[in-house]
Amino acid sequence: MTSSGPDAAVDLIDLRKRYRGVEALRGASIRVERGEIFGLLGPNGAGKSTLVKILLTLVRRTGGGGTVLGAPLGDRETLAKVGYLPENLRFPDYLTARQALDYFGALAKVPRIDRRRRGGELLELVGMRDWADRPVRTYSKGMRQRVGLAVSLVSDPELLVLDEPTDGVDPIGRKEIRDALLQAASTRSVLLNSHLLSEVEAMCGRIAILNQGQVVAQGPISELAGDERHDVEIAGSGQPLPGGLTSLVESMGGTCAAGAEGWHLRIPRRDAAEVQPIVDAARAAGRVITSLRASRASLEELFVRTVSDAGGGRPGGVLSGRGSGR
Amino acid sequence: MQTGAILLDSLRLLRSRKLFWISLGISVVVMLAYASIGFGENGLSLFFGAWELEDPFFTKGSPWSRALYLGLFSNIVVTVWLTWAATILALVSTSSVFPDFMSAGSIELVLSKPISRVRVFLVKYLGSLLFVLLQVLVFCTGVFICVGVRLDEWLWSIFAAVPLVTIFFSYLYAFNVLMGLLTRSGLAALLFTAVFWFLLFAVQSGEAALGGITREQQVRMEALEKRVVEQETRLERLAASERPSDQRAKERVATELEANRTRLAEDAQRLDTIRRWHGPFETLMAVLPKNQETIGLLDRWLAPDARYTFTELMLGDYREDPKPAEPPAAEGDEAAEPSPDSDRERRRAERRDVDREATRRVESDLRSTSALFIVGTSLAFEAVILALAAWIFARRDF
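Protein sequences appear in the order of chains A and B.
In our numbering, each residue carries its 1-based index in the first sequence increased by 1.
In our numbering, each residue carries its 1-based index in the second sequence increased by 928.
Same shape as in the complex, but just chain A:
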């Protein structure tokens, strides 16, 4: 599924982790190219957080290996070039945002002068300049996450690892974080672990889907979704379609719906040409066609189908709940 190479930001091969008899990772392999935003998806308990934590030396692996920014997995010095925003971030509440940036910058071996300069820039980037000298305990969840993002960037990392960066944040806060993130991500590799599929779909070029400790799909979203069958959707106004036409649609495996505002057809076909007879028949029957489009399967549909096909997980949980952490 992956190929090793010197250009990868992250290249994890056959990672295994066992917690007291429970296998959290069963040979997971992912590869994040330099400069890309890579999404990590999976239902609760799929092993996403474990994988991220192994990458950051927070959890010791049972087997497997790989490289991070070209250095062997577990190399502590490489962590100076990695920024991390953990899930359920908790800052010491006696720190101010400026102090937090200075403290974690020092731990990342950023010289004092750079910490000061970058600290100011990052507070500006995440929109926290006016709150920089107030204690973290006075911040809202969204503000803490934004400071967390700034802290993860204080060492000007080559690789940014984000674990549920917008978890628990309101929609406006989510957008602010996402915008700041996209701006910060323009010059570095990003590994994004999120249960918000829309977020992953909006930001990531490639994804990996983990299920029961294994990578069950990996690649560009467009390719993964492209492998799926496209539907053709036709909508029109006026009276419902004649019975002969609805029978034809149903014989092709499609569905028909009608309402006060018009009618709607969904026909499972890859090629729009295959549905031309239906379009012709509808026009011949005097119906006005208001839209006709080929709809690709959404990431959500892809995710649900992939996880279900892999025979496990509870996709509904991932869409509605938070990651379990392990």
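Where hints are given, some of them may not hold.
Only some residues are given here: those of chain B computed to face chain A with a beta carbon under 10 Å [to be verified]:
1. Met-929
2. Gln-930
3. Ala-933
4. Leu-941
5. Arg-945
6. Val-1038
7. Leu-1039
8. Ser-1044
9. Arg-1045
10. Arg-1198
11. Arg-1324
12. Phe-1326
Just so you know, the hints here were simulated from the structure itself, not pulled from any lab data.
The beta carbon of each residue, even a glycine, is placed where N, CA and C say it ideally should be.
With chain A's structure known, arrange chain B on it following the hints.
Relative to chain A, chain B alone:
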């Protein structure tokens, strides 16, 4: 840079704790109370002269005043406030430092940085000791000035309390950290530490009590042996006499001698039993942290040239002249029957002498134990506990 950052963070953490400021506030009150004691021409005064006590001994510049003032610091202020009350406050305040530090969402930020876990652990541990170190440093500076003003003597040895009290606290805190790592709960760690402290106190008190009893028994036996030798000599002298009154005295002395021999044999047996009990306590104390002895070093170092010890002052011994030795019985009085009163007085005097000698020997034993042994073995125990905690911290998945 990283070590400095963690220590600075520890300072910020301390500043944010209310208990730190409460503890510092109480320290200032205690220091003011200490500063309020003064010595004048006629005696000592309390509360900055509000209450004067006339006493010929505790006058300005007298050796008794010096012993009292320094003794109050090392025996009362340090022992009661710094090593009990302030230590409890410090433990309450710092016992959640590691559990909080290890909570999800917090520890990851630190451990995902290019710094070894053992270093993080040890610096964080040392940072927590600042709670006590800073308190004692501020306190000792105040006491240093008080002593300088009151006794006109600038005693730098007062600052020995800073490392001693910090080390004392560290014995307990190392255990507290280990419990915090294992339970991930500040409250549970605090409770386990309280139990550990109590056990240490029990073992230490048991050892000290049995050691004292052993010494007392030894002194008593020595006195008894001396008396037996005296009685044997006396008996030999009486055996040579042919006077009828001496014959009666001979019977009496022989009876007493027999009784004393029996007592001596019983005492020897008792001493054996006490030593059997004392042995395990001594072995335990050899490896466990020596809290009280560590703090006791301050008394030793503070004023090594002191003419009087604080214990002597408290017992009031300094007010009495040593009693002249009783004249030996005159020749020819061998047969004289001792009156009940004089016999009772003699026995009381003997008991008092035995007690004093036993106390002196116990103090001598304590002072003869080297500081290196006391602190070294205690720190060795702490090092083992810390090594175990560091190992757990370094290997744990977060």
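Checked hints:
| no. | hint | result |
| --- | --- | --- |
| 1 | Met-929 | holds, 5 Å |
| 2 | Gln-930 | holds, 6 Å |
| 3 | Ala-933 | holds, 3 Å |
| 4 | Leu-941 | holds, 6 Å |
| 5 | Arg-945 | holds, 9 Å |
| 6 | Val-1038 | holds, 6 Å |
| 7 | Leu-1039 | holds, 6 Å |
| 8 | Ser-1044 | holds, 7 Å |
| 9 | Arg-1045 | holds, 9 Å |
| 10 | Arg-1198 | violated, 56 Å |
| 11 | Arg-1324 | holds, 9 Å |
| 12 | Phe-1326 | holds, 5 Å |
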